[in-house]
Amino acid sequence: MFDNDTVYLGAAMWQLTEQLSENSKDAPPCEAVAVYVAKQIEGPCLGKEAIVKVRMEIPNILYPEFLPEDLEELKDVNGFSVYTVEELNNLNRLTQAGCKSSLRLIGWYSEKQTEHMPLPGGYLVWILMEKVPGITPWDFWEMPREERDQIRKSFHEALMEVYSHGIAPQDEGRRNLVWDKDNRKCYIVDYEDCEHIDEKRMEDVHWMSRANFRWELEAWNGFDKPLQL
Numbered sequence: 001m002f003d004n005d006t007v008y009l010g011a012a013m014w015q016l017t018e019q020l021s022e023n024s025k026d027a028p029p030c031e032a033v034a035v036y037v038a039k040q041i042e043g044p045c046l047g048k049e050a051i052v053k054v055r056m057e058i059p060n061i062l063y064p065e066f067l068p069e070d071l072e073e074l075k076d077v078n079g080f081s082v083y084t085v086e087e088l089n090n091l092n093r094l095t096q097a098g099c100k101s102s103l104r105l106i107g108w109y110s111e112k113q114t115e116h117m118p119l120p121g122g123y124l125v126w127i128l129m130e131k132v133p134g135i136t137p138w139d140f141w142e143m144p145r146e147e148r149d150q151i152r153k154s155f156h157e158a159l160m161e162v163y164s165h166g167i168a169p170q171d172e173g174r175r176n177l178v179w180d181k182d183n184r185k186c187y188i189v190d191y192e193d194c195e196h197i198d199e200k201r202m203e204d205v206h207w208m209s210r211a212n213f214r215w216e217l218e219a220w221n222g223f224d225k226p227l228q229l
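In terms of my numbering, the sequence shown has 141 at position 141, counting the first letter as 1, and numbering is strictly consecutive.
Watch out, some of these pointers could steer you wrong.
Unchecked claim - As a list, the in silico BS3-like pairs of lysine-lysine whose alpha-carbon atoms are at most 30 Å apart:
(1) Lys100 to Lys131
(2) Lys100 to Lys181
(3) Lys185 to Lys100
Unchecked claim - Label pairs and their calculated CB-CB ranges:
(4) Thr114 to Ser164: 37 to 47 Å
(5) Glu111 to Glu42: 32 to 42 Å
(6) Glu22 to Asp180: 20 to 30 Å
(7) Thr95 to Asp182: 37 to 47 Å
(8) Asp224 to Asp3: 16 to 26 Å
(9) Met208 to Gly98: 35 to 45 Å
(10) Val82 to Arg214: 20 to 30 Å
Keep in mind that the hints were calculated from the coordinates and are not lab data. Note that the Cβ used here is the ideal one computed from N, Cα and C, for glycine as well.
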């Protein structure tokens, strides 16, 4: 929907050049989310790439039992969904803490949808984040064993760093990881659904030991690879 659109964020103008993903939440609070690669076309770093996530309120169609006042209770004071607020807060917290295993928040901007959009007057939020090197490890199980082990090691280091700032992402899976093979670095990239934890939770050995399985880096039985039936 926003292909090739431009937006002013972080004291520069950016053009959306490639859509990476798109999904929607049909249960209230309803919203559509799309992620793009963006290129700076006006500003101090022309040509620089970044990531833009667009979060947009959409109509509630599947759950008519929710009255308008019920839907309003699912928003914050700015009219944003809990997912949008959570992501902005967590990204800002990690950025302020200097976390090296998450995407740095560069800036964000909100506006009202126009009459030609899915929900005129609903929120439209643009989130600008740094673009880190690497790929989503979709083909993890086809990689050499040595590389799989290196990803697990780097993932554990990244997860522990994020946890150390009191944030535990709950949308767990390889889809929310970026693996930089050249620098042997793993990044965790989605923060709209997180649990806030303390040191006591990090000392839960069983919970920590199952992290590889929860993030799809280990078979359910603890084996390196799923059994081939």
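Hints and how they fare:
1. Lys100 to Lys131: Judged against 30 Å, a Cα distance of about 12 Å means the pair holds.
2. Lys100 to Lys181: 16 Å, holds
3. Lys185 to Lys100: 10 Å, holds
4. Thr114 to Ser164: 37 to 47 Å: 42 Å, holds
5. Glu111 to Glu42: 32 to 42 Å: Cβ of Glu111 to Cβ of Glu42: about 19 Å, so the range 32 to 42 Å is violated.
6. Glu22 to Asp180: 20 to 30 Å: 24 Å, holds
7. Thr95 to Asp182: 37 to 47 Å: Violated, at about 24 Å.
8. Asp224 to Asp3: 16 to 26 Å: For Asp224 and Asp3 the Cβ distance comes to about 40 Å; the hint is violated.
9. Met208 to Gly98: 35 to 45 Å: 23 Å, violated
10. Val82 to Arg214: 20 to 30 Å: 22 Å Cβ-Cβ, so the 20 to 30 Å window holds.
In the structure shown, a violation is registered for the earlier hints numbered 5, 7, 8 and 9, in ascending order.
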